[in-house]
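Order-wise, the sequence lines are chains W and B.
Going by our numbering, the first residue of the first sequence is number 1, and it counts up by one from there.
Going by our numbering, the first residue of the second sequence is number 1, and it counts up by one from there.
Among the clues, some could well be false.
It does not matter which identical chain is meant; a pair holds if it fits inside one copy or across any two.
SDA-like cross-link-like pairs, simulated, lysine to any residue; straight-line CA separation at most 25 Å [claimed, not checked]: (1) Lys199 x Lys224; (2) Lys288 x Arg150; (3) Lys180 x Ile168; (4) Lys180 x Asn104.
Calculated from the structure, these hints are not laboratory results.
There are 2 protein chains.
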Amino acid sequence: MQMIDGKTVSAQIKEEIAEQVKEIVSAGGRRPHLVGVLVGHDGGSESYMASKVKACEQCGFRSSLIRFDENVTQETLIAEIHRLNEDTGVDGFIVQLPLPRHINAQAVIEAIDYRKDVDGFHPINVGRLSIGLPCFRSATPSGILMLLERYGIETRGKHCVVLGRSNIVGKPVATMLMQKANPGNCTVTVCHSATPNIKELTLQADILIAALGSPNFVTEDMVKEGAVVIDVGTTRVEDATRERGWRLCGDVDFEHVAPHCSFITPVPGGVGPMTIVSLMHNTLLAAKHEIYQS
Amino acid sequence: MQMIDGKTVSAQIKEEIAEQVKEIVSAGGRRPHLVGVLVGHDGGSESYMASKVKACEQCGFRSSLIRFDENVTQETLIAEIHRLNEDTGVDGFIVQLPLPRHINAQAVIEAIDYRKDVDGFHPINVGRLSIGLPCFRSATPSGILMLLERYGIETRGKHCVVLGRSNIVGKPVATMLMQKANPGNCTVTVCHSATPNIKELTLQADILIAALGSPNFVTEDMVKEGAVVIDVGTTRVEDATRERGWRLCGDVDFEHVAPHCSFITPVPGGVGPMTIVSLMHNTLLAAKHEIYQS
Numbered sequence: 001m002q003m004i005d006g007k008t009v010s011a012q013i014k015e016e017i018a019e020q021v022k023e024i025v026s027a028g029g030r031r032p033h034l035v036g037v038l039v040g041h042d043g044g045s046e047s048y049m050a051s052k053v054k055a056c057e058q059c060g061f062r063s064s065l066i067r068f069d070e071n072v073t074q075e076t077l078i079a080e081i082h083r084l085n086e087d088t089g090v091d092g093f094i095v096q097l098p099l100p101r102h103i104n105a106q107a108v109i110e111a112i113d114y115r116k117d118v119d120g121f122h123p124i125n126v127g128r129l130s131i132g133l134p135c136f137r138s139a140t141p142s143g144i145l146m147l148l149e150r151y152g153i154e155t156r157g158k159h160c161v162v163l164g165r166s167n168i169v170g171k172p173v174a175t176m177l178m179q180k181a182n183p184g185n186c187t188v189t190v191c192h193s194a195t196p197n198i199k200e201l202t203l204q205a206d207i208l209i210a211a212l213g214s215p216n217f218v219t220e221d222m223v224k225e226g227a228v229v230i231d232v233g234t235t236r237v238e239d240a241t242r243e244r245g246w247r248l249c250g251d252v253d254f255e256h257v258a259p260h261c262s263f264i265t266p267v268p269g270g271v272g273p274m275t276i277v278s279l280m281h282n283t284l285l286a287a288k289h290e291i292y293q294s
Numbered sequence: 001m002q003m004i005d006g007k008t009v010s011a012q013i014k015e016e017i018a019e020q021v022k023e024i025v026s027a028g029g030r031r032p033h034l035v036g037v038l039v040g041h042d043g044g045s046e047s048y049m050a051s052k053v054k055a056c057e058q059c060g061f062r063s064s065l066i067r068f069d070e071n072v073t074q075e076t077l078i079a080e081i082h083r084l085n086e087d088t089g090v091d092g093f094i095v096q097l098p099l100p101r102h103i104n105a106q107a108v109i110e111a112i113d114y115r116k117d118v119d120g121f122h123p124i125n126v127g128r129l130s131i132g133l134p135c136f137r138s139a140t141p142s143g144i145l146m147l148l149e150r151y152g153i154e155t156r157g158k159h160c161v162v163l164g165r166s167n168i169v170g171k172p173v174a175t176m177l178m179q180k181a182n183p184g185n186c187t188v189t190v191c192h193s194a195t196p197n198i199k200e201l202t203l204q205a206d207i208l209i210a211a212l213g214s215p216n217f218v219t220e221d222m223v224k225e226g227a228v229v230i231d232v233g234t235t236r237v238e239d240a241t242r243e244r245g246w247r248l249c250g251d252v253d254f255e256h257v258a259p260h261c262s263f264i265t266p267v268p269g270g271v272g273p274m275t276i277v278s279l280m281h282n283t284l285l286a287a288k289h290e291i292y293q294s
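Isolated chain W, as found in the complex (with noise of 0.2 Å):
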C-alpha cells in the first residue's frame, strides 16, 4: 500500500506554479492576481480563505480579500462582482461558499464573467468540460486527476466507482474520468443515495472515489484487494482529544480499508491540499490567457 501524500503533490506543484511567477515577472509580466470574496464570519470559509491565501503567497501571486458583513444584500455582492468582471488587473476571483440564505448562490456564480470564474462552477466552465472543451476545471476534481498522474496511476480501461454525484465532486470527476483522454479514458460508475447495492458495485472499483460527506462510510468488505481509494470527505466530528474540539474525518474508515489498497489518499492531507493547488493553477492559466484568450 502507498500512501497518496497530497500535502507533499501540493507544495511541489506550488513550486512549480512559482517558478512561472518568477519567469513572467523577470519578463517583465504582472503577477497574477486572485480575489477571494468572503460574506459574513464561517469558521470553516474563514480558515479556506485563509489557505488560499498563504497558498497565493507561495505560489508569488498577489491576492485580495473583499470581505461583506452577512447581512449584506444579493444586489451589493452582484455589484461587486460586476467590477471585479472589468477591473482588468484581476485575473480571477472566487466567491467563498456557501452564502447567507438570503443570497441565491446560482445568481451570484452566473453573475461571474467565466473567463474569470477559477473556481470552475459557472456553467460554461461546467459545459466545456463536459463537452471535453479548455476550460477552468471545478477545483477538487482537478486536483484528484493531478494526484493520480503525478503517482502515475493507469486510468485507462479501468473502472471508476464515484460515491456522490454533487456538482463541485461527484458529477465533474464522473465526466473528467470518463473523457478520451489521459488521464481518463475510465469506464465510470456514479453511485448515489438512491443506489440500493453500493457495496456490489464498490467491490468492482479499481479506483473508488467517495465523495459523499458520510464519515467512514467505505468500510474494508467494500473494497476490491489493490484498489486505489480516493477519500474527497471532510466532515466535522467531535473529537474532545483536540485541543479545537474537532477533527477532519474522511469517508473511508482508512485504518481498516488501507491495508487493502495500492494507493489510498488520507484525511487530512490527501485531496484537501490539491483543491487548493488546482485554484492556484486556473489563476496562473487565467493570468497567461491560456483557456480564453480575451
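With chain W's structure known, arrange chain B on it following the hints.
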C-alpha cells in the same frame, strides 16, 4: 416483452403540442417559429431537416429553412446566426450537423444565443443540464427520458448502463439519469471504446442504453433477463432488398435480444422519432419563455 413504440408516442406528444399551440394562437399569441439552417446537400441532413419541417407542421409551428451552399464561409454562416439571434420573430433555431470540414462546428454552436439553442448543444445548456438547472435538454437523451416516462418504467435505484460517451447522447443521457429527478435517480455506468469488460457491465444493467453507432453490437449474451433496452444506433447498412439500397441498423441485435427484455425500442421507430419531438418540445418551451425569461 413490450415493444416501446416511439412512433405512436411521438405522434401523441406532437398532438399535445399542437393543442397547446392552438391555445396560444386562440389567445392571440404567435405560433412558435423554428428555423433550420442547412449547409450543403448531404442526403442524411436533407432527410433529417425534411422530417423536422414536417414535425413543425404537425405541431402547428411556423418553420423556415435557410440553405447555404457547401462552400459558405464560417463568417457568413455566423453572421446569419447573429441575425437569427436578434430576430424576435424566431423562437429557436438549429444548424444541422455535420458541417463541412472548413467550418468549425463548435464555433458555430457557441455563436447561437443559448436562449434559442433548442438543440441543447451550447455549453451553457450542457452545463446547466449537468448542474440540474432548467435548460434546453439535448434532444435524443430527452426523447429517451420521455419514452421511459410514458411507458411508466421505474428508473429510481435502477442501474443504467450507457454504451458510448458522445456529446449528443452518451454523456447527456448519463447526466440526466443520475440526477435527483424522475425519470432519474439511476446508478449510472458509462462504457466506451476503452472499456475492456463491456459484457460484464451490460449484464448488470436494469436499463441498457446503446449509443455506439456499431450495428448489432449488443448480443443476447450481453443482456440480463428482464432488462429495458434502448437502442440509439442508426447506422445505414447496405441492403440490396430495399429499393434505396440501405436500411437503418441499430446497435442491438434486436431479433435475439428482444425476447429477453421487459421493454425494448426497435430501429427504426424507437428513439428516432422521439429526437424530433424533443426538438419540438424545446421549441414550444422557447416560444413560451419557460426556460429563459428574456
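Here is how each hint holds up against the structure:
no. : hint            : in the structure
1   : Lys199 x Lys224 : both (10 Å within a copy, 20 Å between copies)
2   : Lys288 x Arg150 : within (23 Å within a copy, 50 Å between copies)
3   : Lys180 x Ile168 : both (21 Å within a copy, 15 Å between copies)
4   : Lys180 x Asn104 : between (35 Å within a copy, 20 Å between copies)
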